[in-house]
Amino acid sequence: MNLSRSRYHAPGTSPGALIERKDVKLPLRILLFDYDSGHFEATEQASVEQCVTGLASAAKTWIHIEGSVDAATLRILGEAFSLHALALEDVLSSGHRPKVDRYGEQLFAIMALPYVERGRIVAAQVSLFLGKNYVISFQEAGGDIFEPIRRRLRAEGGRMRNRGSDYLFYALIDVLIDHKFPLIEALGDRIEDIERAVLDKAAKSEARKIHALKRDLLTLRRFVWPEREVVNRLRHDEDELIKPETRIFLADCYDHTVQIMDLLESYRDMAASLMEVYVSSVSNRLNDVIRVLTVISTVFMPLTFLTGVYGMNFDRGAGPFSMPELGWPYAYVGLWVLMLAIAGGMVLWFRRRGWF
Amino acid sequence: MNLSRSRYHAPGTSPGALIERKDVKLPLRILLFDYDSGHFEATEQASVEQCVTGLASAAKTWIHIEGSVDAATLRILGEAFSLHALALEDVLSSGHRPKVDRYGEQLFAIMALPYVERGRIVAAQVSLFLGKNYVISFQEAGGDIFEPIRRRLRAEGGRMRNRGSDYLFYALIDVLIDHKFPLIEALGDRIEDIERAVLDKAAKSEARKIHALKRDLLTLRRFVWPEREVVNRLRHDEDELIKPETRIFLADCYDHTVQIMDLLESYRDMAASLMEVYVSSVSNRLNDVIRVLTVISTVFMPLTFLTGVYGMNFDRGAGPFSMPELGWPYAYVGLWVLMLAIAGGMVLWFRRRGWF
Amino acid sequence: MNLSRSRYHAPGTSPGALIERKDVKLPLRILLFDYDSGHFEATEQASVEQCVTGLASAAKTWIHIEGSVDAATLRILGEAFSLHALALEDVLSSGHRPKVDRYGEQLFAIMALPYVERGRIVAAQVSLFLGKNYVISFQEAGGDIFEPIRRRLRAEGGRMRNRGSDYLFYALIDVLIDHKFPLIEALGDRIEDIERAVLDKAAKSEARKIHALKRDLLTLRRFVWPEREVVNRLRHDEDELIKPETRIFLADCYDHTVQIMDLLESYRDMAASLMEVYVSSVSNRLNDVIRVLTVISTVFMPLTFLTGVYGMNFDRGAGPFSMPELGWPYAYVGLWVLMLAIAGGMVLWFRRRGWF
Amino acid sequence: MNLSRSRYHAPGTSPGALIERKDVKLPLRILLFDYDSGHFEATEQASVEQCVTGLASAAKTWIHIEGSVDAATLRILGEAFSLHALALEDVLSSGHRPKVDRYGEQLFAIMALPYVERGRIVAAQVSLFLGKNYVISFQEAGGDIFEPIRRRLRAEGGRMRNRGSDYLFYALIDVLIDHKFPLIEALGDRIEDIERAVLDKAAKSEARKIHALKRDLLTLRRFVWPEREVVNRLRHDEDELIKPETRIFLADCYDHTVQIMDLLESYRDMAASLMEVYVSSVSNRLNDVIRVLTVISTVFMPLTFLTGVYGMNFDRGAGPFSMPELGWPYAYVGLWVLMLAIAGGMVLWFRRRGWF
Amino acid sequence: MNLSRSRYHAPGTSPGALIERKDVKLPLRILLFDYDSGHFEATEQASVEQCVTGLASAAKTWIHIEGSVDAATLRILGEAFSLHALALEDVLSSGHRPKVDRYGEQLFAIMALPYVERGRIVAAQVSLFLGKNYVISFQEAGGDIFEPIRRRLRAEGGRMRNRGSDYLFYALIDVLIDHKFPLIEALGDRIEDIERAVLDKAAKSEARKIHALKRDLLTLRRFVWPEREVVNRLRHDEDELIKPETRIFLADCYDHTVQIMDLLESYRDMAASLMEVYVSSVSNRLNDVIRVLTVISTVFMPLTFLTGVYGMNFDRGAGPFSMPELGWPYAYVGLWVLMLAIAGGMVLWFRRRGWF
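Protein chains in written order, with our numbering: chain A, 3 to 358; chain B, 3 to 358; chain C, 3 to 358; chain D, 3 to 358; chain E, 3 to 358.
Check the hints yourself; a few may be wrong.
Said to hold, decoys possible - With a Cα cut of at most 20 Å, we get these calculated DMTMM-like pairs of lysine to aspartate or glutamate: (1) E:211 x E:191; (2) E:206 x D:202; (3) B:101 x A:231; (4) C:101 x B:254; (5) E:245 x E:103; (6) D:206 x C:290; (7) E:101 x D:254; (8) E:245 x E:264; (9) C:101 x B:257; (10) B:101 x A:264; (11) B:211 x A:271; (12) A:101 x A:239; (13) A:211 x E:202; (14) D:211 x C:194; (15) B:101 x B:254; (16) E:27 x E:146; (17) A:101 x E:146; (18) C:24 x B:187; (19) C:245 x C:38; (20) A:134 x A:43; (21) C:211 x C:187; (22) C:101 x B:267; (23) C:134 x C:38; (24) D:101 x C:257; (25) C:101 x B:264; (26) C:27 x C:72; (27) E:211 x E:194; (28) D:211 x D:271; (29) B:211 x B:254; (30) B:134 x B:36; (31) A:211 x E:194; (32) C:245 x C:231; (33) B:211 x A:195; (34) D:134 x D:36.
Derived from the structure by calculation, the hints contain no laboratory data.
Go ahead and model the full structure; you've got the sequences and the hints to work with.
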């Protein structure tokens, strides 16, 4: 819930200061890919130094860094690829809003990779640098989602190998965006479940489930909305790092973000409507319960009163008007008939009013 | 409810990959029309090859493909008419947001055809290609809605035969948009029904009906909104595939989309207002029920207490203050008078407070 | 409620087809006015042919057609004044959204004339053509609202006679817009009534009245919003049919539409607030009722219990602890004192808690 | 509540017609000020004729007209200062939306002066004409708010005397806007009062107070919103009647309107939140009441049942199983113990469930 | 709550008048810093005169004034640095909306410093002047937040010393914006607490806590929204006082304001959702309570009625049908069996309906 925890430096810290997060420390893994239409070379556990020397090659380079990167590694990379200090600071401090910035010779983009953790949707930050012939990507957490990209890179003759680094950059962003679809499908299933439960029996915990759903929709929305802007800017800005033939794919990618936003909006409206139905069905059940109570009370109270009357101990000998009924031979039977008539009349009256 | 099911490829799939849907498989039917101001030729069950050869003719061609198209057919068509790979991918994966794109020599539009299935409004995707002298349309499901177009095509001397392919393109879009009107009229009837039910008796299931109505409004809205954009772009973009004399008809078509949006908005506001009335009438009924309970309890509780008092067994012989009333000759009658007075007083008091 | 009924052609109908409404058939009346700064000639029950010949005169012409116009009449007029087919179609099919279109030498505007029918605000369509020296107006229903215009036309030397057809066109639109004011004043009175009722006693039917009010506000809003756009476009578009000296009056007219929108928004907010107050006052009344029930029950239940205790039939002879109280001479009086003390204590306790 | 009453002419009235209001007739007072950096001359009860002749002087003139101006006076002024007929109509008919219009050589602005009348915020219209060297202001009601301006005018050497008429025009607008601050402060106090009441005890009338507050916020908002536009246009439009050195003060004035809008928005959100708290605290109190009822009923019903059992009159002599308990020597005492145990158990159970 | 108290002058006051606040009087402290890449000189308790002479030096000057500044000091400073009268007025009257204005050779910005006072978020005004080689800052309250800046100034060789006054200006704004993060984190913690409480047990005071949360969110939002505009204008306006190399840092600062707005929006949606859950859980608890009452009543009312029947005193000798059951040997035992059966049946029936 606390969306801001540990995501900011102490106010007044010098901008560009590289301060590592204390709370989370994930093992670091550097993957280095050197590829060209003709050749492909992958180093699964590369060192920073290998990355820096890789820059010299004429081929295209993709450096993918998984886990919690330390300030030292960042500084080496930053110097070798002349990455901007403010961008590096953003890489290190997670939880940033997706955005794209142009720093000198590079494009720097922050994207979000949402995944489910302890029943909640959370988001890992993915930071991407695009240079003339390299892509550097930092992924904090969220599992190995770029395997399909690597598979396509390995396949000789594929578009991925022939096109420039900007196509790889696009492909990474595309994967990050398309990764929202399975999450959204799961949300759709949850809505269906809630709808069924609410319409059938108004189980008690539905309000909590709707709340949890809204929270997750909110989390997703917080990232998809700026990501739409990121893709839109990449597609429209006449940046020479993104070639025109890649822009057409970014347009496709933009359609996906719009579709995701669309689905999130629809789900939000559905959730709001379900909450209303839930609340009204809680009220309806209350009505049902109270109606039972009222019928029972209304039937038995007059009867109990009558039995009370004839349980009184007035002295029958005191006078002719002192409970003479007690001595009548058919009074008891008559009272039963009267009481049944009263009860039956009440029930009929409630029935006619449609109470049950 | 699950608006996203089966509508996306696995993240990381290469863009433009033609992957057929597994879950739905509808019989394929290809209709080929070759027409001109002078001649008209219809092939109801054409093969893909016939379509490809039809392209050579100088006349205008309309290829209409109904049902689930397979990847092979798409590839043949795509090559013959040089359709863009991203467009073909969109044709195959259903559930897209309406949009219009310019790919090389063609306009590619996605529209939605909503229809009712098992009491819910669902939408079939209709994909349209407009070339210089041909229109290719793909319709997944939703029934034969283009029969009026075919009738107008058959009629010699009609506008449809004389004008270019762009007019046919417009006419198809017009049908798709006007098809929302009967659905909206049905929604209007449902609102009227709900309004009558809510204002009269607050039947229990109205909340569900309002929810279902909102869901259908939402579904329609999701498609009409982007369709408005599609028609607006077709009308305003200076695309040479759409002739100026067709634009005036698109303007008319645009008015219809605006009117549909308008009606949807009004219905949404009506639905929200009805929900409020429904909730408040549930509360009112609760008040009624509780009021009955309170009146009954308030009348009988004091009476029952009094009968309890004179049902006590204190020994009258113990002293002059030990229930002497029991021996008074008119005590019983007096008690009845007292009890009737209490009951009557209570009823009068409630009446004056307007409780019934 | 059903805002879309009978307002659309069957999907696929050729655009510009003149299809008469079947459901409503109002008597047709054609009024023809031929006027100039110098002369004025009115034909109250003109034929279409008279209208067509009137065109030849050098003076300005106003043709006003009331009731359900038939397709034949429209076709004759359309040919004589070269009115566009799409515009004629819009004249015939009622219920259109207000709009203004330029067709060749004419301006075509659709406006709405709201009036009250069976307690609800409904709207009649008014269609207006403005040519170089003529105005043609079609009014389906809603009463004779243009009498003040005719009066001003008859008055020699008035602005209306001297100025061009565009001033008449403006004057008609002005009347149509100003006709919303009395309706809005009536809505204001209804809000005042509801406010008084809700704040005083939360009568049962207020929710319905608020709902009806919202519905009428919605209906008005649906027409005023696009009318604002119509007036704005007439005022700003550099259309040579509207002379600059008329634009200043259109600006005034625009201010009125803005003021109407403003009032509608305020009333909508008031209605929403009143609904909240109503709901909360229903809850308050429920609280009141339940509180009475609780006080009564809480006072009498312990007392009834006590009378029950001393109504038990334990054998006083069985032992010294078997209801010895029954034989005490002051037990009965003591019990009364106790019971009164309990009842009084309860009442005091409730009073202190502020329950009544 | 009825915001539109008496504020419109009969539809179809000729534009620019000067129709006096019938319902309100306030005494008319004309104040005439003739001033310059060097001299200052005030006529407190001027006639229209004096005003007209005052125009001839080389100095700057301010004519301030308080109360209900009649059509005759307006016509004389209109002719002397060549005021536009549409502007004069607006002066006469009160309740206009704030706006600014340029008519020939003049700027015409309508502003609102809100004040409290019978516990509600209402607004008087203030109309302002700015000419080259004169300002004419019409104020219908609302008290003498321009006294500080007059004081500053009287003070020799002040900015007001040295600067042009546009500065006086600005100063009047500034007073009108700043006059909203005390009203807003009063609204803030009312919110504080309501908050205290709602959080403490959910008094019954709070819903009404919140409703009244919302109504007043709405009234203020209706005037401040367009006034912001007025000031913004005065500040940005390159109108030569407003000198650049005055624009800087208008910018300051604009900041005030933004701040007022801001406060109104915040108060609206606060009011909405308070309504929610109020509704939920009403529900909580209902819960409290019902819980008391339930506890009392649940404790006493079983006990009363038990006393009922031993109040039955089965014939002990009929057999060994016919109420033998009645004859046991410790049965009575035992029953008391049992009943106290039941009552105590119930109370403990409720306590553990946190019911009281 | 009263956001407008004491924040405005009496309407009609001359603009630029320096009127001191009466209600708050905080001790004044002037800090003077004279620095350059080479030297740094700090005067912790400077006099106004020192500040004025400091201007003559070639180095950069930062004057920081803490507490309630008096009109005299302001006038001296204003004359020395030629600060605009309207800006000085804004410095003196606190509670202004954040804004940035260009006055002659200076940029004048108002920012807000929120801090917690008596459990509520309040905001102190911070006013900043940026001249060619000086920064003057006024901070009314809120604690010593600029210490990190001073530390960075003292450090020789740091960016802060080498760059121009615009960098210091940026750094002060950056601190003010980043100071919202800890407050927002605290709000996030409060949301978590409320969520836990609401989902677990719907404690009574949660509505108040949610209200307090909303109020604080509102307060923050009121300041962050215009601050975003301030930073955006500083970043984009081609003002020569802000050097291009500083703009890149302002862009970073802008990202922070966007992120803060984002978090505030998310928290607002969360708070609204929590309120709904809270209200629905209050309803659920009501249901629970009423269900207990109904079960108890429904079980015991028929039983009590039966004991009432056999507690009646009809004379068994009056005839064979006058309560013969009283003499049957197993009637008492049988009645117990019947009563237990009724009670058990009721309980089973409730169980099957899922009432407990």
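Checked hints:
At most 20 Å may separate the alpha-carbon atoms for a hinted pair to count; residue 211 of chain E and residue 191 of chain E meet this at roughly 12 Å. Distance restraint check for residue 206 of chain E and residue 202 of chain D: the Cα-Cα separation of roughly 12 Å lies within the 20 Å cut-off, and the hinted pair is therefore satisfied. With a C-alpha separation of about 18 Å, the suggested pairing of residue 101 of chain B with residue 231 of chain A holds against the 20 Å cut-off. Restraint check: the Cα-Cα separation between residue 101 of chain C and residue 254 of chain B comes to about 11 Å, which is no more than 20 Å; the hinted pair holds.
Between residue 245 of chain E and residue 103 of chain E the alpha-carbon distance is near 17 Å, which keeps this suggested pair within the 20 Å criterion. A threshold of 20 Å between alpha carbons decides the hint, and for residue 206 of chain D with residue 290 of chain C the separation of about 10 Å falls inside it, so the pair holds. As the CA atoms of residue 101 of chain E and residue 254 of chain D are separated by approximately 11 Å, the hinted pair is consistent with the 20 Å bound. Only pairs whose Cα atoms come within 20 Å are accepted, and residue 245 of chain E paired with residue 264 of chain E is rejected, the gap being roughly 29 Å.
Distance hint between residue 101 of chain C and residue 257 of chain B is fulfilled; the C-alpha atoms sit about 9 Å from each other, no more than 20 Å. Taking the CA atoms of residue 101 of chain B and residue 264 of chain A, the gap is about 13 Å. The hint holds against a cut of 20 Å. The hinted pair formed by residue 211 of chain B and residue 271 of chain A meets the criterion: a straight-line CA distance of about 16 Å does not exceed 20 Å. The straight-line distance between the Cα atoms of residue 101 of chain A and residue 239 of chain A is roughly 14 Å, inside the 20 Å bound, and the hint therefore holds.
Distance restraint check for residue 211 of chain A and residue 202 of chain E: the Cα-Cα separation of roughly 13 Å lies within the 20 Å cut-off, and the hinted pair is therefore satisfied. The suggested pairing of residue 211 of chain D with residue 194 of chain C holds, with an alpha-carbon distance near 16 Å, which does not exceed 20 Å. Distance hint between residue 101 of chain B and residue 254 of chain B is fulfilled; the C-alpha atoms sit about 19 Å from each other, no more than 20 Å. With a C-alpha separation of about 17 Å, the suggested pair residue 27 of chain E and residue 146 of chain E falls inside the 20 Å cut-off, and the hint holds.
Proximity of residue 101 of chain A to residue 146 of chain E is assessed by CA-CA distance (about 33 Å); at most 20 Å being required, the pair is judged violated. Between the alpha carbons of residue 24 of chain C and residue 187 of chain B the distance comes to roughly 17 Å, so the proposed pair stays at or under 20 Å and holds. Straight-line distance between C-alpha atoms of residue 245 of chain C and residue 38 of chain C comes to about 17 Å, which keeps the hinted pair within the 20 Å bound. The hinted pair formed by residue 134 of chain A and residue 43 of chain A meets the criterion: a straight-line CA distance of about 19 Å does not exceed 20 Å.
Using a Cα cut-off of 20 Å, the hinted pair residue 211 of chain C and residue 187 of chain C holds, with the two alpha carbons roughly 16 Å apart. Restraint check for residue 101 of chain C and residue 267 of chain B: satisfied, since their Cα atoms lie roughly 18 Å apart, inside the 20 Å limit. At most 20 Å may separate the alpha-carbon atoms for a hinted pair to count; residue 134 of chain C and residue 38 of chain C meet this at roughly 14 Å. Taking the CA atoms of residue 101 of chain D and residue 257 of chain C, the gap is near 9 Å; set against the 20 Å cutoff, the hint holds.
Proximity of residue 101 of chain C to residue 264 of chain B is assessed by CA-CA distance (about 13 Å); at most 20 Å being required, the pair is judged to hold. Between residue 27 of chain C and residue 72 of chain C the alpha-carbon distance is near 9 Å, which keeps this suggested pair within the 20 Å criterion. A hinted pair counts as satisfied when its Cα atoms are at most 20 Å apart, and residue 211 of chain E with residue 194 of chain E qualifies at roughly 12 Å. At most 20 Å may separate the alpha-carbon atoms for a hinted pair to count; residue 211 of chain D and residue 271 of chain D meet this at roughly 15 Å.
Straight-line distance between C-alpha atoms of residue 211 of chain B and residue 254 of chain B comes to about 34 Å, which puts the hinted pair past the 20 Å bound. Between residue 134 of chain B and residue 36 of chain B, the direct Cα distance comes to roughly 14 Å. Compliance with the 20 Å bound is thereby established for this hinted pair. For a cut-off of 20 Å, the pair hint linking residue 211 of chain A to residue 194 of chain E stands: about 16 Å separates their Cα positions. Distance check on the hinted pair: residue 245 of chain C and residue 231 of chain C sit about 19 Å apart at the alpha-carbon level, within 20 Å; holds.
Under the criterion of a C-alpha separation no larger than 20 Å, the hint pairing residue 211 of chain B with residue 195 of chain A is consistent with the structure, at around 18 Å. For the hint pairing residue 134 of chain D with residue 36 of chain D, the CA-to-CA distance comes to about 14 Å; that is within 20 Å, so the pair holds.
When the structure is compared with the earlier hints, violations turn up for hints 8, 17 and 29 and for no others.
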